[in-house]
Amino acid sequence: MASEQKTQIKQTTTWSAGPGCHGGCGVLAHIKDGKLVKIEGDPDHPWNQGRLCSRCLAMTQYVYHPDRLTRPLKRTGNRGQGKWKEISWDEAFDLIEEKMKNIRKEFGPESVIFSMGTGRDIGPWICMLAYAFGSPNVMFSLSGLACYSPRIAAVETVQGDYCILDAGQWFPNRYDNPRYKVPECLVIWGYNIPASCPDNVFGHWIIDLMKKGTKIITIDPRLTWFSSRAKKWLKLRPGTDGALAMGFLNVIIQEGLYDRDFVEKWTNAHHLIRTDTKKLLREADMGQEGSPENFVVWDQKREEPAVWDTKELEYKSSGVKPALEGSFNIRLDDGREILCKTVWSDFCEEVGRYPVEKVAAITWVPEKDIIEAARLYAQSKPASIHWGVPIDMTPAITPTAQAITNLWCLTGNLDVPGGNVISRFAFDAVAYALPGAKGVIKLHSKEADKKRIGADRYGPLNKFIWRAQTDLTFEQIFTGEPYPIKGMWLQTCNPLAGIGLDPKRWAEALKKLDFVAVVDLFMTPTAQLADVVLPSATFLEKDGVRTWWVPMQSINKAISVEDCKPDIEINFELAKRFDPDFRWNNIHELFDEIIKPSGMTYAELQQKGWAFPPEGHPSFPYNRFEKGLLRPDGKPGFQTPSGKVELYAVLREEWGLEPLPHYEEPPFTPVSQPELFKEFPLILSTGRRSPVFFHAEHRNIPWLREIDPDPIVEIHPETAGPLGVGKGEWVWVENWLGRGKFKAKVTIEVPPWMVMVPHGWWFPEREGAEPSLYGVWESNANLLIPMGHQGKDGLGAPIKHLLCRVYKVSKEEKDHEKET
Amino acid sequence: MRKKPEYGLLIDYEYCTGCYACQVACAQEYQWPAGMGGMKVIEVIQKLPHDKGYISYLPFPTELCILCTPRTRKGLDPACVKHCMASCMKYGRIEELAKIMADKPRMVLWVPRSGT
Chain A
181 MASEQKTQIK QTTTWSAGPG CHGGCGVLAH IKDGKLVKIE GDPDHPWNQG RLCSRCLAMT
241 QYVYHPDRLT RPLKRTGNRG QGKWKEISWD EAFDLIEEKM KNIRKEFGPE SVIFSMGTGR
301 DIGPWICMLA YAFGSPNVMF SLSGLACYSP RIAAVETVQG DYCILDAGQW FPNRYDNPRY
361 KVPECLVIWG YNIPASCPDN VFGHWIIDLM KKGTKIITID PRLTWFSSRA KKWLKLRPGT
421 DGALAMGFLN VIIQEGLYDR DFVEKWTNAH HLIRTDTKKL LREADMGQEG SPENFVVWDQ
481 KREEPAVWDT KELEYKSSGV KPALEGSFNI RLDDGREILC KTVWSDFCEE VGRYPVEKVA
541 AITWVPEKDI IEAARLYAQS KPASIHWGVP IDMTPAITPT AQAITNLWCL TGNLDVPGGN
601 VISRFAFDAV AYALPGAKGV IKLHSKEADK KRIGADRYGP LNKFIWRAQT DLTFEQIFTG
661 EPYPIKGMWL QTCNPLAGIG LDPKRWAEAL KKLDFVAVVD LFMTPTAQLA DVVLPSATFL
721 EKDGVRTWWV PMQSINKAIS VEDCKPDIEI NFELAKRFDP DFRWNNIHEL FDEIIKPSGM
781 TYAELQQKGW AFPPEGHPSF PYNRFEKGLL RPDGKPGFQT PSGKVELYAV LREEWGLEPL
841 PHYEEPPFTP VSQPELFKEF PLILSTGRRS PVFFHAEHRN IPWLREIDPD PIVEIHPETA
901 GPLGVGKGEW VWVENWLGRG KFKAKVTIEV PPWMVMVPHG WWFPEREGAE PSLYGVWESN
961 ANLLIPMGHQ GKDGLGAPIK HLLCRVYKVS KEEKDHEKET
Chain B
58 MRKKPEYGLL IDYEYCTGCY ACQVACAQEY QWPAGMGGMK VIEVIQKLPH DKGYISYLPF
118 PTELCILCTP RTRKGLDPAC VKHCMASCMK YGRIEELAKI MADKPRMVLW VPRSGT
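Protein chains in written order, with our numbering: chain A, 181 to 1000; chain B, 58 to 173.
If a hint is listed, it holds; no wrong ones were tucked in.
Stretch-level coverage of chain A by chain B, calculated; a stretch enters the list once three of its residues show a Cβ under 8 Å from a Cβ in chain B:
1) 237-245
2) 882-890
3) 927-938
With the Cβ distance kept under 10 Å, some of the chain A side facing chain B (calculated, not the full set):
4) I219
5) E220
6) Q229
7) G230
8) S234
9) I373
10) H384
11) D388
12) L403
13) S407
14) R409
15) W413
16) K415
17) P871
I should point out that these hints are in silico values taken from the structure, not numbers from a laboratory.
Using N, Cα and C, we set each Cβ at its ideal position, and we do this for glycine too.
Start from the sequences and build out the full structure, keeping to the hints where you can.
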């Protein structure tokens, strides 16, 4: 009994290394003699209510893993030779300071790239370091930034704010809050439950909702847990989501299932488009004194044009009755008469190009299923859509996301209880520049941002996404144009094994650089190519703050492990060395500033653990567009150029892109590449999630690896049979770019025309030095995916829909393996 | 005479998602080495007519399950039940659990070796 009394329990919040996910769970860490002995879900926490996933429950094996990096390492051999020397933190900081300052002096600060994976809490701190150094080039290292920020940017282009599934997460008492409504129907679009909890939603909230009666529609080529239990399962061809969304819109408009009041009151459906330029008619077109920022409608009452004033958010004349449909002749400033039509007419015309039979032919989903699913969604009140990363993982991400956004807008499900609810950072407390928000941590000057790679070429990167464009940066390492890249700081980032497409070329890229620093918890294939490796900390070993989306939470340090340092402390020390004007003295001062809009100090937040924004706050739902809570001027409406939900996106027009949603066939499909398809007759989809791994992490945790020991390819029995592939046999999955070795799971989870391979596989138990690099070239899905196929706006990448062939690993290859 | 079992685990396998939290929660609670543990999750994938299918997962208490007696004595739920992400496991007296079973289909009641 005496020994049990010594166990202390510390409350904290998950985010970052450890479970690895995007966090939010409240946990109770059991600490004895300064060591973690157990971790449990916090039953009082409104996010997870005591539940906890396998990865977090394995924390004791993670924190005290014998391979954990515990001291800074300096390379002593050639890159990749696996020869390292332990050094002190002071030596490590001095070395990094000297090398990076030399690059800055000779080539400019922009010549160092600050590269992250799916950043989690590291996002703000890597920006803090980059900006202190003076580089605008913070890079999310996936081709086309194809995870989440494209969706955020696309949604903001339409409605000015992002939104997510409403599972009552804005209320401490959740589903029991009388203002909350359980969605009647939930569309799960390219998402599976594997406890990875992406996008700031606890995946199992959906299970809670199903128990309360929510009907499910799944859109997924795979038979998933959700599609097993769905009212409708649409088994679409990967990459055709845009066509399916247009098909839904077609059914909803044709059958009059949309919310006409919402369309009339809150969208730019009435605004006029010139048929000569195909651009929106602006007030300035009709007279020189007119503003180019104001739009024009046709007033049916007076039978003349009327001006929508985007500053006042009202018509310049009173009693305007704007026409929703039709074409009208408008006299311009130069005396010409130009035929104009309403956005609604144009939008309906575009949607009309997607009749159900055509959509069925594109998507391979039967017509009947498309119609029934569209009706079920549109007729359920409220209804919500929850989407996953496959939406981002196609070059035409933006028009796809626009079409889906239009679905929840047109059906009146935006910011209503149980619908898609606008998600702001809790208390509008923003740490750093994320799409749509400017935070406390920023570059010193706009001038410094001018060198950011891709910002001049791609509208969304100029307007919402404050990152370097990954594909352009990657090429610039090889070309040196328009300026040389000389160094890279990689934090929570393992491009050789996880986030890098065409990963062998990533290895080449790293070897070209003068200086590479890696911050991680374990040695990785990527870290093997660094000059210096710094040991960072799990969430249990650090203080932190989390405000996306709700509640606002503190991460509270519970333990220390040897010489490991939290990422923020590593970056803080170096930021001070790089920037004489660095303005914070310690990390708590910085946290205080980040959460200042809440009126709380960091110490107060740590006391409370978490806090919800109060009613009436812009970060608290519902119906904020009606209450004037979304715009800085307090007027009802949205933060878009027109103040409306933009069915026709003004920003897209300004960026020279198609303003209306539509479908584009992806670059490597049976349809776009019929010749390649003859040689590679299977659709290759990648990135199936595992319940026990987060991306490239956790292969070294025994309790987790036991559950998912091998890289698996899912192949349908009808496809495996003729190839002579049986259950558990090793096969090559190959295309024109490369091949990977996977163990066959012969299963009906995939259709006969597709195989699915997981990403992120390497073998921490194998040799780290080259050529092995922990076996990273053996079962790496990314060897089959190219870089450089981002969409027209720099976003998206073809990750879920390539082509391949499958054949058995030969006996000779197996024998060779046994010998080596 | 052998003592009759009194306690069991009720699983609502309609909602078990195969997240493996129960399996790892057990491994953590008793610090089992990988390969051992009181809970194993089973996957069943069944083909259905009309090109459909159904995936079920089922937590199965192994010979090493002790129904978390050290925890339940203190009034706590077993580690697996406590952490179940889908909240689809319930610990209790066999008769009580059997009554709940009548409420809905797709349920299974386990009475492990140590349910005494």
